[in-house]
Structures are given as structure tokens and as C-alpha cells.
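> Residues 1456 to 1585 in my numbering are what the sequence shown spells out, letter by letter.
Among the clues, some could well be false.
Cross-link-like lysine-lysine pairs, in silico, DSS-like; alpha carbons within 27 Å at most [claimed, not checked]:
#1 Lys1510 with Lys1489
#2 Lys1521 with Lys1502
#3 Lys1539 with Lys1521
#4 Lys1521 with Lys1510
#5 Lys1489 with Lys1521
#6 Lys1502 with Lys1489
#7 Lys1575 with Lys1539
Derived from the structure by calculation, the hints contain no laboratory data. Please read all numbers here as calculations on a predicted model, not as lab measurements.
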Amino acid sequence: MKKGKQQQSLGHRERQIMDTVYRLGEASVGEVLKGLPDPPTYSSVRKMLSLLEEKGLLRHRRQGTKYIYRPVRSRESASRSAVKHLLSTFFGGSATEAVNAILDVSSTNLSDDDLTRLRKMIDEAREEGQ
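Please build the complete structure, drawing on both the sequences and the hints.
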């Protein structure tokens, strides 16, 4: 299975573990365990970290008797990949359709500052495209 497909097939707990490792930068099994809501057993976390490493998402180094895990890719790189997958899966590759869906869902929560930032981002994207 390709890495891109593997990243998209993460379960809820695996995503929580990845979020914890990203937040901490690197972490031991015990540190990940402390960062999880309603944590499973130590051995379950250890096994899931190992599986995430097999999927190519984490790597480890040894520190004494502990393994310290860190992400293979930056959070920004992983986010871009996830957005590309989201666009192709749900919006036919159309950023316009994705933004429309986001605005439809969150339009009542957008402040004037949010709308100004969005307009600025659109203007900057337009300038870069020229």
C-alpha cells in the first residue's frame, strides 16, 4: 500500500497519537499516553506507535531503554497532503467548491476580521497567479 493511502486510513486513535506527537515534536510511549484523552493501555500505545512507524508516518531513535518517536514529515507537509486528498475525494479537485462548503458551514461564525483575511488571501493568490 502506498504511503499516501496509508495516511488517509488512520483510525481515530492513530490520529490522536499523531496529533500528540506533532504537538510535542517527539515523544516516548509514556509521553504520548499522557497526552491522550481516555488513554488505552501502555502496550496498546506502543503497538500503535509501531504501526504508525510501519506506515511510514513516524520514526524512532533510542534514548537509553526508551524509543523516542517523531514524525517523518512536517505537520505542514502532512496538512497539504490531507487537503489535496480532501479536495480530490469530496470536491472533484475544486478549491472553489471546498471553500464554498467551508463558508456554508461556518458563515455565521465569520467575523469581519475573518472576511478581511480571506479577501487578502484571495488577492494574494490572484497576484501570485499572474
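> Of all the hints given earlier, name the ones this structure violates by number, lowest first.
Checked against the structure, the only hint that fails is number 3, while the rest are satisfied.
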